[in-house]
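Here is how the chains run, residue by residue.
Protein chains: 2
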Amino acid sequence: MRSLRRSRDIPLLVSHARDGDPRAVARLITLVESGDESLPEMARALASHAGRARIIGITGSPGVGKSTTTNELVRVLRKRDHRVGVLAIDPSSPFSGGAILGDRVRMQDHATDPGVYIRSMSNRGHLGGLSAATPQAVRVLEGAGCDVVLVETVGVGQAEVEVASLADTTMVLLAPGMGDAIQAVKAGILEIADVFVVNKADRDGADATYRDLQGMIALGERTAGQWRPQVVRAVASRAEGVEETLDALDRHRDWLLAHGELDRRRAARAATEVEAIALGTLRSRLTALRGGDALSGLAAEVAAGHRDPYSAAASLLDAL
Amino acid sequence: MRSLRRSRDIPLLVSHARDGDPRAVARLITLVESGDESLPEMARALASHAGRARIIGITGSPGVGKSTTTNELVRVLRKRDHRVGVLAIDPSSPFSGGAILGDRVRMQDHATDPGVYIRSMSNRGHLGGLSAATPQAVRVLEGAGCDVVLVETVGVGQAEVEVASLADTTMVLLAPGMGDAIQAVKAGILEIADVFVVNKADRDGADATYRDLQGMIALGERTAGQWRPQVVRAVASRAEGVEETLDALDRHRDWLLAHGELDRRRAARAATEVEAIALGTLRSRLTALRGGDALSGLAAEVAAGHRDPYSAAASLLDAL
Numbered sequence: 001m002r003s004l005r006r007s008r009d010i011p012l013l014v015s016h017a018r019d020g021d022p023r024a025v026a027r028l029i030t031l032v033e034s035g036d037e038s039l040p041e042m043a044r045a046l047a048s049h050a051g052r053a054r055i056i057g058i059t060g061s062p063g064v065g066k067s068t069t070t071n072e073l074v075r076v077l078r079k080r081d082h083r084v085g086v087l088a089i090d091p092s093s094p095f096s097g098g099a100i101l102g103d104r105v106r107m108q109d110h111a112t113d114p115g116v117y118i119r120s121m122s123n124r125g126h127l128g129g130l131s132a133a134t135p136q137a138v139r140v141l142e143g144a145g146c147d148v149v150l151v152e153t154v155g156v157g158q159a160e161v162e163v164a165s166l167a168d169t170t171m172v173l174l175a176p177g178m179g180d181a182i183q184a185v186k187a188g189i190l191e192i193a194d195v196f197v198v199n200k201a202d203r204d205g206a207d208a209t210y211r212d213l214q215g216m217i218a219l220g221e222r223t224a225g226q227w228r229p230q231v232v233r234a235v236a237s238r239a240e241g242v243e244e245t246l247d248a249l250d251r252h253r254d255w256l257l258a259h260g261e262l263d264r265r266r267a268a269r270a271a272t273e274v275e276a277i278a279l280g281t282l283r284s285r286l287t288a289l290r291g292g293d294a295l296s297g298l299a300a301e302v303a304a305g306h307r308d309p310y311s312a313a314a315s316l317l318d319a320l
Numbered sequence: 321m322r323s324l325r326r327s328r329d330i331p332l333l334v335s336h337a338r339d340g341d342p343r344a345v346a347r348l349i350t351l352v353e354s355g356d357e358s359l360p361e362m363a364r365a366l367a368s369h370a371g372r373a374r375i376i377g378i379t380g381s382p383g384v385g386k387s388t389t390t391n392e393l394v395r396v397l398r399k400r401d402h403r404v405g406v407l408a409i410d411p412s413s414p415f416s417g418g419a420i421l422g423d424r425v426r427m428q429d430h431a432t433d434p435g436v437y438i439r440s441m442s443n444r445g446h447l448g449g450l451s452a453a454t455p456q457a458v459r460v461l462e463g464a465g466c467d468v469v470l471v472e473t474v475g476v477g478q479a480e481v482e483v484a485s486l487a488d489t490t491m492v493l494l495a496p497g498m499g500d501a502i503q504a505v506k507a508g509i510l511e512i513a514d515v516f517v518v519n520k521a522d523r524d525g526a527d528a529t530y531r532d533l534q535g536m537i538a539l540g541e542r543t544a545g546q547w548r549p550q551v552v553r554a555v556a557s558r559a560e561g562v563e564e565t566l567d568a569l570d571r572h573r574d575w576l577l578a579h580g581e582l583d584r585r586r587a588a589r590a591a592t593e594v595e596a597i598a599l600g601t602l603r604s605r606l607t608a609l610r611g612g613d614a615l616s617g618l619a620a621e622v623a624a625g626h627r628d629p630y631s632a633a634a635s636l637l638d639a640l
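Protein sequence lines, in the order shown, are assigned to chains A and B. Taking our numbering, the leading residue of the first sequence gets 1, the next gets one more, and so forth. Taking our numbering, the leading residue of the second sequence gets 321, the next gets one more, and so forth.
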């Protein structure tokens, strides 16, 4: 079966993934991650599985305890008999081209559980970046029978917000002492969070963080019938507050269904995905010119102040 | 002179900006930020100023003290008689379309100093996002006679790394208790930092953060003649370590010049800028289709599982 790990035989891989073979799942996601030319064929083979899984985004600054929290959520979801996929997205290493924490060192508690797939992804070379690759990886996990997919991203930058927008429900982790409530708003997280978790709630300042968050949510403009973000306290390292976190996620899921919001979010997500793939195709055509003389010659003129970047860009597009 | 604040007369605005009129500078950056159609003309008018200023990127997670540190750096640079521009980039609010902390509440110490321009920018609507807008805003500040431009970004995501790559020297702030050294590498910052500042160095854990950083730098693969990132301790809120920080930044500047690296970085930056503008143009053509039936119809088919996203993207590009 070693051949499965290097195969590009999409029908074979999809068929094995459907039967729950973790090697086939791993191989398909590797192909997604590397932007393999078989991606369109894979997407065709997996299209009919769209919408099978519940997708939960988990984000927050480095150090708030995302991995520990994800690990605990998996434990509780498994107790509830869900098949769980975890995508740990690492968009922050564009230069080294790889997630430094491999799948083996992450979340060893679930390493031998056949009902859990765990995978780190970087944006190595994928057309359209992670906003195109992530939904495709979710499709692979849906095809493999996952009921829930947890998408964990670091930080709160533009790329993370894009990834968060791919989830049905987005959960933002905070920890006391990581900056006050104004910093949280500065990072734009109030706008993407459906559920807040104040992790490390046994530490000094947790109550203040909790109160500040509640205050800012109360101040936020909200139209009638809109979801009001919930705030949960947790100490993930001691498995405290995990059931409560999942309850809050479930309440948001119920709200999405009751308001027809799930279909709306998923249609918007599909539009974003299609657009990202189209943009990735255009980007790759541009990048193909980078190796040639066209761009480097234009760039040298711009750097020397002999030409402005807009006229250089127009020349580049003419070359396309 | 109220007309200057609403003017689209680029030759007039550029001429006033050259004379150091802050209202003209502010207006030009507003035009940059909003992706105004006068941008190509502005770029032409400013092209010959390229490379005038030294550009220093400042990044780090929310809460590490970026604003305070920037404020202190400005103070020391002013003592050294430099004209200083500050661009505070807030890429994290794509939905609200605006930096929530306006220029007036930031860094009030320098609000009345005619040798300092301070400006917050969001990525509101700009073609190519901040990676296209930021160098253009830098050009405005260069045109206005700034010797040093500080570009401050929040977080460590993809967008921030792109912005950091626009600087001659990138400085990364850390604070004790914000996660250990593995978290720092996880966030990919070792790869973009020329100078590290361990801020809040009077707090518990500062020595451990300092040692961990030094250890990881020592472990990093580095070819002969490559820059070895420097680590400085500071307590920006008490103005401690600021001169030392600037000394480390100066050493990196000397190294860039001695190794011909400054020209190389600036040519690479110009290439990125030209590419971002070209990509922004293509993106706007795609987005123009979003309002029409083309994308929403395709997205509905994808969400329902009746079509795969790659064939939908191909159809979208055909419509272009």
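Keep in mind that the hints were calculated from the coordinates and are not lab data. For each residue, glycine too, the CB sits at the ideal point set by N, CA and C. Wrong hints could be hidden among the right ones.
Covered stretches of chain A, going by a simulated chain B footprint (3 or more residues, C-beta under 8 Å) [what the hints assert, rightly or not]:
#, stretch
1, 18-32
2, 42-55
3, 239-252
4, 282-288
Partial chain B-side listing against chain A, Cβ under 10 Å, derived [said to hold, decoys possible]:
#, residue
5, 465
6, 497
7, 616
8, 618
Here's how the hints hold up against the structure:
1. Taking a C-beta to C-beta cut-off of 8 Å, the stretch 18-32 of chain A contributes 0 residues in contact with chain B, too few for the three needed, and the coverage statement is violated.
2. As drawn, the stretch 42-55 of chain A meets chain B at 8 residues by the rule of a beta-carbon pair under 8 Å; at three or more, the given contact holds.
3. A stretch counts as covered by a chain when three or more of its residues have a beta carbon under 8 Å from one of that chain; for the stretch 239-252 of chain A and chain B the count is 0, and the coverage is violated.
4. With 4 residues having a Cβ less than 8 Å from any Cβ of chain B, the stretch 282-288 of chain A passes the three-residue criterion, so the hint holds.
5. At its closest, the beta carbon of residue 465 of chain B sits 15 Å from a beta carbon of chain A; the interface hint therefore is violated under the 10 Å criterion.
6. The interface hint given for residue 497 of chain B holds, since its Cβ lies 6 Å from the closest Cβ of chain A, which is under the 10 Å cut-off.
7. With a least beta-carbon distance of about 6 Å to chain A, the hint placing residue 616 of chain B at the interface is held under the 10 Å criterion.
8. The restraint placing residue 618 of chain B at the interface with chain A holds, with a minimum CB-CB distance near 6 Å, inside the 10 Å limit.
Checked against the numbered hints above, the structure breaks hints 1, 3, 5 and satisfies the rest.
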